[in-house]
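Student: Dock chain B with the ligands against chain A, hints included.
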Amino acid sequence: MSAPMISLQGLSGTTVFDQSPARAKSGGCASSSCGSSAKPHEMDSAVWEKIKDHPCFSEEAHHYFARMHVAVAPACNIQCNYCNRKYDCANESRPGVVSERLTPDQALRKAIEVANQVPQLSVLGIAGPGDACYDWKNTKATFERVAKEIADIKLCISTNGLALPDRVAELAEMNVDHVTITINMVDPRIGAEIYPWIFYENRRYTGVEAATILHERQMSGLEMLTARGILTKINSVMIPGVNDEHLIEVNKWVKERGAFLHNVMPLISDPAHGTHYGLSGQRGPKAMELKALQDRLEGGAKLMRHCRQCRADAVGLLGEDRGKEFTLDRLPDKVTYDASKRETYRAVVARERGDRMAAKSEALGMVKTAGSGKSLLVAVATKGGGRINEHFGHAKEFQIYEASPKGIGFVGHRKVEQYCLGGRAEDKSLDGVISTLEGVDIVLCARIGNSPEDRLKESGIRATDAYGYDYIETAIGALYAAEFGSEPLAATA
Amino acid sequence: MAFKIIASQCTQCGACEFECPSGAIKFKGETYVIDPKKCTECEGTFETQQCASVCPVSKTCVPA
Ligand code: SF4
Ligand code: SF4
Ligand code: SF4
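So the sequences go chain by chain: A and B. For the first sequence, the residue numbers in this note's numbering are 1 to 493. For the second sequence, the residue numbers in this note's numbering are 1 to 64.
If we strip away everything but chain A, and leave its shape as in the complex, we get (with noise of 0.2 Å):
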């Protein structure tokens, strides 16, 4: 079994306000909360209208939605030194993991099981292993049959960019409104360590001449995409040493040109993944340097911060993977779409989120009216709905959120072994955890036993199940009143 989905009732259960979706929608843009630091006034409802369902695009979103990937475009056009294809595209997915290869009609079967059985579903994205813009006739033929079938699915796509101009104007008459752009460099010289080869009008490229071409094209996409007002998200691999200061450049290059969001994601170079990397022996960043970067780039291109790197397949939320319920052997035969669940399930959400919006800026006001200068790294143990709804040992991952008095903004995510396994608790895991909460203040769970409580407290970081089931930012609020300001409770908006 996997990780439980947030169920309807979990979502519709606790704090009830009476407010129209209406308001969730213009609630949206009130907050900070569009994107990953879009400031209200910065984003119009147009553009609101295109991510509010989007997971990937909207921090705000990726609580309630989900996205799935089918792995239906296996060729490339070029090579990444932090790819095997070997074993899969290390870009979009999970290394080491082969993702099942699916031809269009399997990829339309397997959306419309999904569709079915996960009422969160409001993506489909096509990215690794492999380029969507180069295997262009499997992606194309995928898209046109799912979105003749479930008409309200956005569609999503995944690029390195090379082929990217050629598929512009198909992409816009498909209605695909939100593409990834993989951009590591602005500079070829650069690019020149991160690619050894690219395939280009029929003949490889190597070197500072490969780099440069791919690079014009990566631009020339990116600004052809933006003319056309398709949304883009820039993903770029920090590799420490290579492009890590680099990526301060291309963060400007890429805002120049209208990239909606920038995702700056660690390079993964484990040996046994057999990437070029990895057996040269290049590192990845740590924690701490990837977010020391990515708030060096605010102010840039708005960064995306939620990112989970997740597998070529990924099915579900953000941060969970329900891809192995729906592997082809699990299909059945004959599949036919039932919008019912989720229509549903986006009636409850209009209703939550509205809430969690007037939840968010009041919270907010509390922290700014605290009147201190400091800020707080607060650690959420969730499993979605922007709750503090998951128990500390069973937690794989942890939002990381920060306090401050520019408001509370989400950081990231750090992934931990799970420390509770069936009831025992490992007592090696415990220490992974803890050495990943690195710098974290506060840890914020539905809950937690002593013993951890215990040993965390020995490294410095506090826990507390005393908010659980709370919408976050309520809780952040309330804490960080509770320990900068001087009148918490008179504090509001």
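Just so you know, the hints here were simulated from the structure itself, not pulled from any lab data. Some clues are possibly wrong.
What the hints assert, rightly or not - Facing chain B, according to a computed beta carbon distance under 8 Å, are these residues of chain A, among others:
{"id": "1", "residue": "Pro74"}
{"id": "2", "residue": "Ala75"}
{"id": "3", "residue": "Cys76"}
{"id": "4", "residue": "Gln79"}
{"id": "5", "residue": "His394"}
Said to hold, decoys possible - With a Cα cut of at most 30 Å, we get these calculated BS3-like pairs of lysine-lysine:
{"id": "6", "chain 1": "B", "residue 1": "Lys26", "chain 2": "A", "residue 2": "Lys140"}
{"id": "7", "chain 1": "B", "residue 1": "Lys26", "chain 2": "A", "residue 2": "Lys86"}
{"id": "8", "chain 1": "B", "residue 1": "Lys59", "chain 2": "A", "residue 2": "Lys86"}
{"id": "9", "chain 1": "A", "residue 1": "Lys86", "chain 2": "B", "residue 2": "Lys38"}
{"id": "10", "chain 1": "B", "residue 1": "Lys4", "chain 2": "A", "residue 2": "Lys86"}
{"id": "11", "chain 1": "A", "residue 1": "Lys374", "chain 2": "A", "residue 2": "Lys406"}
Since this is a predicted model, take the numbers as computed values, not measurements. By construction, the Cβ of each residue, glycine as well, lies at the ideal position given by its N, Cα and C atoms.
Tutor: For chain B with the ligands alone, coordinates are given in the frame of chain A:
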């Protein structure tokens, strides 16, 4: 004169299949194979063998 694919190394990405100008490459059973009767080594069409140039694994598309 023809190329062949070393099956044990092939990732089955299929890139070679759609780049081959002679339609010589097909998925058969477990892997991609080159039909030696159809393969022209891309002579007269391209400077380099397309299958070998696009293949992500070195020494996988090689002279038979
Ligand atoms: S673009 Fe994706 S599939 Fe292609 S080499 Fe890079 S990481 Fe691998
Ligand atoms: S050498 Fe050329 S013609 Fe022969 S299989 Fe490869 S791509 Fe096709
Ligand atoms: S390009 Fe190489 S790896 Fe891909 S299918 Fe052809 S032989 Fe196999």
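Student: All hints, please: hold or fail.
Tutor: Hint by hint, here is what the structure shows:
no. : hint                 : in the structure
1   : Pro74                : 4 Å, holds
2   : Ala75                : 4 Å, holds
3   : Cys76                : 7 Å, holds
4   : Gln79                : 6 Å, holds
5   : His394               : 36 Å, violated
6   : Lys26/B to Lys140/A  : 21 Å, holds
7   : Lys26/B to Lys86/A   : 19 Å, holds
8   : Lys59/B to Lys86/A   : 14 Å, holds
9   : Lys86/A to Lys38/B   : 27 Å, holds
10  : Lys4/B to Lys86/A    : 18 Å, holds
11  : Lys374/A to Lys406/A : 10 Å, holds
Figure legend: structure checked against the earlier numbered hints; the only hint not met is number 5.
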